[in-house]
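> Please model the entire structure based on the sequences and the hints provided.
As you go down the protein sequences, you meet chains L and F in turn.
Residue numbers for the first sequence follow this note's numbering, so the first one is 1 and each next one is one higher.
Residue numbers for the second sequence follow this note's numbering, so the first one is 299 and each next one is one higher.
What you were told as hints is all true, and nothing was included just to trick you.
Taking lysine-lysine and the DSSO-like style, the derived pairs with C-alpha atoms no more than 30 Å apart in a straight line are:
no., chain 1, residue 1, chain 2, residue 2
1, L, 89, L, 16
2, L, 151, F, 408
3, F, 356, F, 432
4, L, 32, L, 13
5, L, 277, L, 258
6, F, 403, L, 151
7, F, 352, F, 434
8, L, 32, L, 265
9, L, 23, L, 138
10, L, 269, L, 13
11, L, 13, L, 89
12, L, 228, F, 434
13, L, 228, F, 403
14, L, 23, L, 258
15, F, 403, F, 432
16, L, 228, L, 78
17, L, 228, F, 303
18, F, 432, L, 228
Computed footprint of chain L on chain F, listed as stretches where at least three residues anywhere in the stretch have a Cβ under 8 Å from a Cβ of chain L:
no., region
19, 308-315
20, 324-334
21, 338-347
22, 372-382
Derived from the structure by calculation, the hints contain no laboratory data.
The C-beta atom is built at its ideal place from N, Cα and C for all residues, glycine as well.
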Amino acid sequence: MAANTRDIRRRIKSVKNTAQITKAMQMVAASKMRKAQQVAIATRPYAQELVRMLSPFIGSLGEDSLAPHALLEDREIKRDLVLLIATDKGLCGGLNTNLLREVARFAPETTDFVCVGKKGMQFLVRSRRHVLAEFELKDNFNFFDAQAVAKFCLDQYMNGSADRITVLYTHFVNTLQQDPTVRIVAPVHSFDVENVTLGAAEGSLEKASGERVNEYILEPNRDSLLEKLLPHFVFFKIYHLILESRASEHSARMVAMKNATDNAKQIIKDLTLEYNKLRQASITTEILEIASAQMVLS
Amino acid sequence: MATLKLEILTPEGVAYSDDVEMVLLPAELGEMGIYPMHVPLMTRINPGEVVVTKDAHKLHLAIGEGFAEVTQTRVSVLADMALEEQHIDEAAAQAAVERAQARIKEAAEKGAQISSEEIAAVQVMLAKSFAQLKVKRRRH
Numbered sequence: 001m002a003a004n005t006r007d008i009r010r011r012i013k014s015v016k017n018t019a020q021i022t023k024a025m026q027m028v029a030a031s032k033m034r035k036a037q038q039v040a041i042a043t044r045p046y047a048q049e050l051v052r053m054l055s056p057f058i059g060s061l062g063e064d065s066l067a068p069h070a071l072l073e074d075r076e077i078k079r080d081l082v083l084l085i086a087t088d089k090g091l092c093g094g095l096n097t098n099l100l101r102e103v104a105r106f107a108p109e110t111t112d113f114v115c116v117g118k119k120g121m122q123f124l125v126r127s128r129r130h131v132l133a134e135f136e137l138k139d140n141f142n143f144f145d146a147q148a149v150a151k152f153c154l155d156q157y158m159n160g161s162a163d164r165i166t167v168l169y170t171h172f173v174n175t176l177q178q179d180p181t182v183r184i185v186a187p188v189h190s191f192d193v194e195n196v197t198l199g200a201a202e203g204s205l206e207k208a209s210g211e212r213v214n215e216y217i218l219e220p221n222r223d224s225l226l227e228k229l230l231p232h233f234v235f236f237k238i239y240h241l242i243l244e245s246r247a248s249e250h251s252a253r254m255v256a257m258k259n260a261t262d263n264a265k266q267i268i269k270d271l272t273l274e275y276n277k278l279r280q281a282s283i284t285t286e287i288l289e290i291a292s293a294q295m296v297l298s
Numbered sequence: 299m300a301t302l303k304l305e306i307l308t309p310e311g312v313a314y315s316d317d318v319e320m321v322l323l324p325a326e327l328g329e330m331g332i333y334p335m336h337v338p339l340m341t342r343i344n345p346g347e348v349v350v351t352k353d354a355h356k357l358h359l360a361i362g363e364g365f366a367e368v369t370q371t372r373v374s375v376l377a378d379m380a381l382e383e384q385h386i387d388e389a390a391a392q393a394a395v396e397r398a399q400a401r402i403k404e405a406a407e408k409g410a411q412i413s414s415e416e417i418a419a420v421q422v423m424l425a426k427s428f429a430q431l432k433v434k435r436r437r438h
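Written out as structure tokens, the structure is:
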């Protein structure tokens with residue numbers, strides 16, 4: 001009996017420790033999530049302005065006067081390049097599992113992968129996919145880091161070893177919901193950047209004013225401007241998607257850790273109840289024993 | 299006096315936003331000073347120094363690569379870097395200059411081993427660091 005209550009006490013203690021750790025991780029994830037969302041929101045003015053700058057070119061996209069840019073032409077899809085944006089660390093609920101399930105959409109023979117985040121890499125290696133490169137997902141991921149990733153992908157596209165760049169990432173809907181999403185970034189079909197936490201295409205073309213390209217003086221000329229703007233647009237889009245994945249990661253982790261803490265608390269409650277019951281039972285039997293001994297003696 | 303709405307944006311956020319009298323941009327074909335009622339224009343921006351004139355005061359910013367759009371009432375600059383004087387880390391910029399120069403020298407000696415793209419990237423880095431130093435050391 002005594003051994004049993006001691007066991008329960010020990011278990012309560014260990015569950016309490018676990019709860020403390022998950023609680024701490026929940027706090028950390030919450031603050032990181034807030035930061036990730038702020039960073040994502042901070043890109044919004046830039047995104048709108050970039051779309052606005054590109055919008056005068058749209059009107060003339062179909063016209064012959066525009067020199068065809070590799071990023072605008074539709075090629076026959078022989079090889080896919082998939083940029084997989086996963087997380088470095090686990091403990092974020094079903095986020096990576098859901099995301100990696102989507103990998104099955106792509107045929108192993110014709111798909112190359114570029115991976116951001118260790119968890120994605122581990123999965124790709126395990127499932128014997130062809131991986132071209134892996135990038136680390138640092139805590140303070142900035143535009144230059146994203147540019148390195150994006151440039152690598154774009155180089156593959158430009159030199160013809162990939163005919164399409166697809167990004168597989170986790171779309172941030174809200175704190176409780178994140179959806180694995182597939183998005184094509186090259187060739188460029190439309191110039192809209194969806195915004196994190198809003199979901200609405202705030203920077204979409206309808207909003208951009210209808211100024212036409214011929215109203216602008218273009219320096220040095222249209223083609224060379226477009227040549228820089230288009231890749232830049234792709235860079236920015238990839239940067240944006242990585243930020244969105246990070247916001248998703250931290251919210252998913254926060255929710256997972258919150259559930260873990262709640263579960264631990266429930267277990268502590270149950271165990272304490274059981275412990276008290278046992279204690280009471282043992283006291284009762286003890287009293288009974290004393291009382292019956294007394295009765296025998298008298 | 300008429301003013302221009304100047305916005306300098308980086309992917310990390312809004313670096314500068316105000317109504318100004320004049321702005322000097324390091325455009326690709328040379329520096330250009332822009333006053334209100336300028337002809338609509340779009341250009342690429344080279345790393346360099348942006349000088350903003352507001353209330354007869356001049357503000358200097360170091361700027362990276364990017365694009366600028368000018369209309370009659372507004373100027374928007376998209377750049378990968380935009381730093382005011384007080385945010386520039388002189389030592390870091392100096393170190394970056396030395397690193398870039400060492401790399402270029404190495405490239406010149408070894409020749410073909412370093413791709414032309416990498417040299418271009420290093421040169422951009424160098425130009426950006428120089429821009430920072432120029433703004434930082436202007437008064438000193």
